[in-house]
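Protein chains in written order, with my numbering: chain A, 1324 to 1572; chain B, 782 to 907; chain C, 65 to 299.
Each hint should be verified, as a subset may be incorrect.
Covered by chain C, according to a simulated footprint, are these stretches of chain B (three or more residues, beta-carbon under 8 Å) [as the list claims (entries may be wrong)]:
1. 788-797
2. 812-823
3. 826-832
Hint data in this document are derived by calculation from the structure and do not stem from the laboratory.
For glycine and all other residues, C-beta sits at the position ideal for the given N, C-alpha and C.
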Amino acid sequence: MLKLMKYELRKTMFSKFILLLITAIAEIAYLIGVFFDWDRGLAIGLVGLMCCAMFGILYIGIESLLVFHRDLNTKQSYMLFLTPTSSYQVLGAKVIENGVSILLTGAFFAALAAIDFTVSVIYIGGVKQFLDLLHEMMVNFQVEINISAQSLAMGFFAILVSWLMMVVTGYLAIVLSATVLAGRRFSGVVSFIIYLLLGWVCGWIVDRCVPVSMVNDTLEFVLTIGALFIEIIVMYLAAGWIMERRLSV
Amino acid sequence: MDYNPALPIYLQVMTAIKHDIVVGRLALGEKMPSVRDLAIQYTINPNTAGRVYKELESEGVCFTRRGMGTFVTEEEEKVLQMKEEMAGDLISQFLGGMRRLGISREEAIGLVARYQSKADADGNGK
Amino acid sequence: MLECREITKIYGRKTAVDNVSFKLEPGKIYAMLGPNGSGKTTLMKMAVGLVKPSSGGFYYNGKPVGPESRREVAYMSTEPYFYNWMTIKDVGQYYDDFFDDFSMEIYERLIQRMELSEEMKTKSLSSGMMAKLKIAVTMARRAKVYLLDEPLNGIDLLARDEIIRSVLEAAGEDTTLVISSHLVDELEKVVDAAIFIKESHLVEMCGVEELREERGKSVVDLYREIYGHGGEATC
Chain A
1324 MLKLMKYELR KTMFSKFILL LITAIAEIAY LIGVFFDWDR GLAIGLVGLM CCAMFGILYI
1384 GIESLLVFHR DLNTKQSYML FLTPTSSYQV LGAKVIENGV SILLTGAFFA ALAAIDFTVS
1444 VIYIGGVKQF LDLLHEMMVN FQVEINISAQ SLAMGFFAIL VSWLMMVVTG YLAIVLSATV
1504 LAGRRFSGVV SFIIYLLLGW VCGWIVDRCV PVSMVNDTLE FVLTIGALFI EIIVMYLAAG
1564 WIMERRLSV
Chain B
782 MDYNPALPIY LQVMTAIKHD IVVGRLALGE KMPSVRDLAI QYTINPNTAG RVYKELESEG
842 VCFTRRGMGT FVTEEEEKVL QMKEEMAGDL ISQFLGGMRR LGISREEAIG LVARYQSKAD
902 ADGNGK
Chain C
65 MLECREITKI YGRKTAVDNV SFKLEPGKIY AMLGPNGSGK TTLMKMAVGL VKPSSGGFYY
125 NGKPVGPESR REVAYMSTEP YFYNWMTIKD VGQYYDDFFD DFSMEIYERL IQRMELSEEM
185 KTKSLSSGMM AKLKIAVTMA RRAKVYLLDE PLNGIDLLAR DEIIRSVLEA AGEDTTLVIS
245 SHLVDELEKV VDAAIFIKES HLVEMCGVEE LREERGKSVV DLYREIYGHG GEATC
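All chains should be built: construct the whole structure from the sequences, respecting the hints.
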């Protein structure tokens, strides 16, 4: 599994490098803006960094699907399917690598934002003001945290499930189109259509399974997340099974 | 090495090895290559190479020392016998060819003698 | 060892492989012969599970082929399939990562003998060099079964000798080799038996020496008979 993940990472290295490069440029613009009072640079840097964070994370998710599509529909598929690893492992490695990548990218941008914020506050407002701000934030945060520990967890699960849903639905759609079309033209478009269909079916099933008029919002949330998780697992197993038994590359 | 399509390959390799022994390219008692190396040397199938050694052994051309490999026979007599056999084969081939041309045995022998003296006169013979 | 039971593969309206059955024995080298498009490649791909049969199947030591059998069955495809970013060294590393029977030492030796260098990018290799790389990385495995699809294609004569040599080196009492080709005479001396595939059928399977001894024919002769005037040969 680790070895599969290593090569999955290698496949997406280039775009991650580009993302890093653009981020670095935006960061430099931002820092110049801060230190030399260059407002336009500051604005470009800020917008650039925010775009990098948002589109970067989105792209890493989408790229995982693009790579998988290439892995199934070109001769490079032999690289995966000649190894003594099962399709479940291949899929699992892809999901985990993508998850770790997104998590690390998110953490990276969060850390960068924190650093940038700190630097600018110190430089522009002086250390005293920064410490005050920090103190104020701490107080606020402590108050906040009491109320939001639960919603924080809920938010995390919501993001996790929606990302997993996207990736696994995408994988299943790609596997289905590759199995039926066997690398012929339009397999990309067909994959996308199947993806939309699968998404709709999954939503429909969850709506049927989870009663809407629940008294308890939290319970409804937990049930929804649980149902989605089951759907994700079923789709993952289905994709692996089809790859193992039916897919010709 | 070129192979005759109608004859088994192992027989042809056997002949080649016997030839090497008769002309002294393989010395008496010399160690022969391993089966795999023989296969690589003649670019033949390893099982065919194994069969070559087995047949050579049963003819007494080679012998195996346990754990040491295959060796060329140490008997001078065997080599002479092989030489005679091979010469005999060539002669019968030659005579067969002559017969097909409608040349009798006596005529053929006469032709050989004449060919030889002509070659000598041209300075090509030995 | 490797067994093919009544296997059929249909692509749309075209039948690529039609009800083929055979059994391969350990310690033997087989030539899989037939013109392009006769179904050799599809058959080999099914033997490692890259292509799934429409019916029937391949069995390795009695079990259907799959991820497990790929530990011991090495396959070399006609087409290049390495990732674009790889150097020759990366290819070796990849195999080393995934196959327990891969030997980096043998790989390096073969690469050297084939006059390749580890720093070369696979993207920039000529077709001859690519063919050599594929054979080197495949033969550097100590597999039980080797399936080589057209290893002699697009390769100059000297390199062919090198490839045949590495094939002979891999042969052993418990290994099976299958080499597909339409270059019949070059394989004839090297193999134990020939499998003739014609128009997606298995026409004949016979031993090279038996053919010579019993019928006074070479594999090349039989090849001409089978594909030359279209009639099916009788064994």
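Evaluated hints:
Closer than 8 Å: that is the beta-carbon criterion, and the stretch 788-797 of chain B has 4 residues meeting it against chain C, so the requirement of 3 holds. Check result for the stretch 812-823 of chain B against chain C: holds, 4 residues qualifying (beta carbon to beta carbon below 8 Å, three or more required). Only residues whose beta carbon comes within less than 8 Å of a beta carbon in chain C count, and the stretch 826-832 of chain B has 5; three or more means the coverage holds.
In summary, the structure agrees with every hint in the numbered list given earlier.
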